[in-house]
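Peer 1: Using the sequences provided together with the hints, build the complete structure.
Same order as they appear, the protein sequences are chains A and B. FYI, this note's numbering numbers position 21 of the first sequence as 21, with every residue one higher than the one before it. To get this note's numbering, take the position in the second sequence, counting from 1, and add 344.
Hints were generated in silico from the structure; no laboratory data involved.
Only some residues are given here: those of chain A computed to face chain B with a beta carbon under 7 Å:
1. L60
2. V180
3. A181
4. V192
5. T274
6. V285
7. R288
8. L299
Computed from a predicted structure; not experimentally measured. Note that beta-carbon positions come from the ideal geometry of N, C-alpha and C, so glycine has one too.
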Amino acid sequence: MTRAGIRAELVRTERSKSRAPHGARGAATAAIRVARVLLARAAESVVVVVVLASTVFFALRWLPGDPARLVLGDEAGPAELAKVRASLHLDEPIALQYLRFLRGLATLDLGDSLRRPGTRAMARVAGAIGPTAELALLAVAMGAVLGIAAALLASGPWLSPRGRLWVERGLIVTAATPLVAFAPVATWALAVRFRVVPLPGDPDAGAAGLLFACALLALPLAAHVGRIGCASLADVARQPFLTVARAKGGGPLRVWVVHALPAAVGPIVAVVATQLGALLGGAVVLERMFERWGLGTLLLEAYASRDLPVLEGAVVAAGGIFVVAQALGAAVHTAIDPRVRAAR
Amino acid sequence: MIAARWRDSVPLVVLAAISTAGALAAREPIGRLAPMRAFRGPTWTSPFGYGEAGVDLLPVVCSAAGRAMLLGAVVALFGFAVGTPLGGAAALSRGRFERAVDRACDLVQAFPSFILALAVLSAVRAPSRVHIAFVFALSAWAPFARLALAETRTLRAAAFVEAAFALGRRPSGVLVRHIVPHLMGVGAVQLGSTAASIVVSEAALGFVGLGPPDGVSLGAVLDQGVAAMLRAPHVLAVGAIAVTVTSGVMLLAGRSFAGVITSRSSR
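Peer 2: Now the structure itself:
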């Protein structure tokens, strides 16, 4: 870009700055807009959790097969069946059951666990969320950092064009490799054959075990983040403001990390949000593989013993985590990308 | 030219043929137990070795891969058939319907569908392949609808669409005659990646113990491999390679379909 072009661009950014709303009135309308967006988001989150919980509720009651018989098996006598039906309220009309279920959802109380009478289903779920959240959050952080680093390497001037191509190819191959296939193989190689890392299911594996499990979970996420990051950075790289930053004497690190990355963060946050479901599924697989306690182990246990209240609670909790994470993603996007901040 | 575009689907055809042949040529019933040869390594007569309780892995992996491919293809085609017209119709009608479909796609696509699958499958006593297909079909339409929505947003301003409206075609007619044929190309790529992800999800369900009751699933082989990691690493290797190859072949085939369709429509 020529010097005159740069000057024109600078003038244009100055003008657009001065057009931003100033004064009390502007601030008030902006606040109202933010409040409306937040309210709409919250309403949507509630709808998502209710629809999800209802799907599970109706699947359990409408699909052929008697839930009470599912719980007790074929040999159960009529008296026992009647008892389970009463404790699950299966003898009431479906509308009443549904209302009861919705009330339980609102008060976060879905009744007692069938397998451990006296324990609230939600209490068991709450106990299992911690370990899974730890695993998932660390994996998201790790995946985002690794993926962004890979995207920067593949787009910035640090590597030769050949090296950049190889980084990109590596990302494509990693993204196409299924977690369920490579996680056991990596565990066999690193933890069993060469004993570089401890087995994460081992009680005294500690932080190293957790980090290894997180790294396994983070790798597919990192590959997706890296691929989207490359595309997004390629878009941003054509923007005039990077030329301005370079013209002002910024080094490559400053130009790419301080100026390019925040503008490219939107699609990255979006891809983390869309990969979150896959991440939770992966957490279930890893928890099962390493016999680590968490939401996944609880779900599988509740599945195997048909502990319906716990199952419903676990699904609702997974939906809740998902909704919260989506909202967090939007908040992060707003906080980092200056263009979104300006639009507010 | 066409031949070159079909090249990427060769692996799919080869794998389908091998898996059918491997399953048909089995010398004994698939999954026959023979505890004497449990976890024996690969030999010339049984190149994949033996698994838990002496199951010959070659016919098991062959028939499991074949069924996984079939499941992936059927569910992805269903998603294609439902999602593409839905997304196209949403973008054509604009307004509230468009926004609702857009947002629903976002949510369904990002949703932990694996966990939903667990919950829905718990409603049946022994989940069969039909149940598993049904559960995957619940979310398979979303990526297609989203792609169709994005494509139709640019297509709806095109001159030929306006002309069709001006000539008095109804929206449904425009959708079927003019929009949907243009959505085939992008849909085909998505077909491959959806089918691949269903193959992987099926393996993951089998891995955590929710596979079909006959135990013929790539995930079940992986599960055996993990349990016998120390004694018989070949089981794990066979399972992992089988899942990766099967899903990779589906991805490639999707690309080749897309190539064929775009080359036809551009002529």
